[in-house]
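Number of protein chains: 2
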Amino acid sequence: MVDIVMKFGGTSVADAARIRASAALVAAEAATGAAVAVVVSAMAGETDRLIALAEQLGGGLGEDESDVILSSGEQVSSALMALALKEKGLKAQSFQAWQSAIWVDGAPGSARISGFDTAAVEAAAKAGVIPVFAGFQGIDAAGRVRTLGRGGTDLSAVAIAAALGARCDIYTDVDGVYTTDPRIEPKAQRIDAISHDEMLELAAQGAKVLQTRSAEMAKASNVPLRVLSSFAEPGTAIGTRVEDESRIAERRIVSGVAYTRDQARIVLLGASDRPAVAAEIFGALADVDIGVDMIVQGRARDAGTVNIEFSVDRRELDRAMSVMETAHGDAREIIHETDLAKVSVVGLGLNRRADVARILFRALGAKGIDVKVIATSEIRISALIANDAVENAVRALHSAYGLDDRAGGG
Amino acid sequence: MVDIVMKFGGTSVADAARIRASAALVAAEAATGAAVAVVVSAMAGETDRLIALAEQLGGGLGEDESDVILSSGEQVSSALMALALKEKGLKAQSFQAWQSAIWVDGAPGSARISGFDTAAVEAAAKAGVIPVFAGFQGIDAAGRVRTLGRGGTDLSAVAIAAALGARCDIYTDVDGVYTTDPRIEPKAQRIDAISHDEMLELAAQGAKVLQTRSAEMAKASNVPLRVLSSFAEPGTAIGTRVEDESRIAERRIVSGVAYTRDQARIVLLGASDRPAVAAEIFGALADVDIGVDMIVQGRARDAGTVNIEFSVDRRELDRAMSVMETAHGDAREIIHETDLAKVSVVGLGLNRRADVARILFRALGAKGIDVKVIATSEIRISALIANDAVENAVRALHSAYGLDDRAGGG
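Protein chains in written order, with my numbering: chain A, 1121 to 1530; chain B, 1121 to 1530.
Excised from the complex, chain A in its bound form:
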């Protein structure tokens, strides 16, 4: 019943003029005969204003009543968008989570979508009414409002598209996914088409345009995405298609370069070489929800011992070091290093190229950038480097992997 779910973020509904401009994009899509549904974020700045209000009375993120307060932001913008669509002569109706029946599990402020009863929405769409969903929210089994955490409206949009068997168009303030951050490398190119796997790796490695959770859900439910600018005139936006690998005609070796600043590294020197040691350490970190990345284990100086090192987000370093007080594998010494960053190259073709690591070492070495750790996956190669080398490293890798001069086409 619905062909396209169109999602508009905060800057795309920031005020009456922006809401009208976004409504014009919906009207243009509807004029092609496509059945559309809309999902909106709160007006830009509104979520911050509301959480500040809650905080004045002791309600922070992750509190029941804070979620009631936060969800009002999307409630207002969904109704405003419905008004803007009516102004254009379209039929439209706002749907809050309790009306559209979007069910969630989990804690306030970080709930997960568990179900979506499409009956009410399909009835509306059948009657020619464009449903406008308040994103970022759901109702739990106890009948309480829960929000989905930052970027949650993307999740709402992907989940709704998955349930309705629709495509999901993410309208935002940039015109697509780029080969790297254009603020660092002006030669960055918009990517026309990218696979779900690559999008997920780019998001997970720091590309900001789509949240990792949304990219994961789109991949898991095989929802085709487009990332588009809501600032383009109706009918002119091209954007980036994110879809099943099989639908991408031209397979490029590398799709993009992503980066994450503020990483930290922990090294356990001379840990016991028992098989269970790594499981103990990383199990203890997982128990307190600390994400660990770039694990390296190697034989140490003394017989029967190993060195184990891994990286964590800088903000998790103190907690991770506390965990090491009990889960240390009898290490001789535990050291840590901060002011690190991770640069990653992502591409479906990386696993077919033998010289991928060599290109990376050469490109970074030529710039005098020291690689602390290197890690690879099927479609990614990452290097831990100094924080202040990020810009140089991104530019060097963008060039070395042939992204500088490539046409934008896919």
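For the record, the hints were derived by calculation from the structure and aren't laboratory data.
One or more hints might be untrue.
Repeated chains share a single entry, so a pair holds when one copy, or any two copies, can fit it.
[Unchecked claim] Distance condition first, Cα-Cα at most 20 Å in a straight line; then the derived EDC-like pairs of lysine to aspartate or glutamate:
1) Lys1208 - Asp1524
2) Lys1211 - Glu1175
3) Lys1206 - Glu1175
4) Lys1211 - Asp1475
5) Lys1328 - Glu1511
6) Lys1208 - Glu1175
7) Lys1246 - Glu1453
8) Lys1328 - Glu1242
9) Lys1211 - Glu1149
10) Lys1208 - Asp1475
11) Lys1328 - Asp1168
12) Lys1246 - Asp1295
Fit chain B to the given chain A structure using the hints.
Relative to chain A, chain B alone:
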């Protein structure tokens, strides 16, 4: 399960400090062992801000989506109040209309409460959780949010108190119902106790402290009310009790003087003296929802004709004159007059006093105030006078009916 429903208006939840102060009043009431529920308005100014937002996109009062937008104001304040109560160590939970199951009929912006499923709220109260209701809203049979119109949170509070068999305490920015407007007559006294009938007449005749619809509902469902200041320290507010006549020990003759500015008068000179004429004219006005007041019919100059006159709200004058184009009773001439006001004296004892009208005429005559029309009911006498004579008339009547020097007690 609930003894007292405590209602807080916009100024009582205007910011974090005011919400905290109001929460302290709830905590003090709960500390006496009373089971309490809370009903809140939107933060002062919020409803105006939200309707202005809706208007920017063509949504005015009385529009489906405007109600979705407006109801977010009470959603936010109900959750903030729940946070403030939790801060004080109480258990509390916000309830939106879709959760507490407050059902309504009627148009957007002016719905009427038709039902209230108390199960969820009684379960909460039983568990020691203070329910905090978002006022001003309900859900219609189609599952859409509807607001109740200005002053709607009072209506919500009275309806909830009626359904729960509770008393309803209306916390506001004044400390009770006064014998008249203290801004006009500094000798105005707070009334300790007043009957539902008198409260209804005072509200209908212009006293602002309680909306007419709320006073009507309190009377119809026999809910005892108290009108109190939320600016008083916990435990110190006295306020005004509004209750069944039989419970009021001392019956005063007159309770108060109310006024309404901006009235207009329409006079049909020489209308046909057929019995059906008045029914035609007032039926036609009722058909378009124009409220008519102070009707006088008298024999006219020409035989077989009558003069019919009545007052309407100034804002309805143009519409009323249009109605007169077809429903005119063959009147020789139709004239109208504006810049009028109505002053009313309300009291349970008025019908027992023969000289009530004489006191009014004398008091106003002594001040040189011309009485255009006079009308009486069982417990009220009203006079139509010039707009600019309101202050003088209110003071004269307040004095003439012995309200100046009376002790506040009831």
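* Earlier hints that do not hold, by number -> 1, 4, 7, 8, 10 and 12
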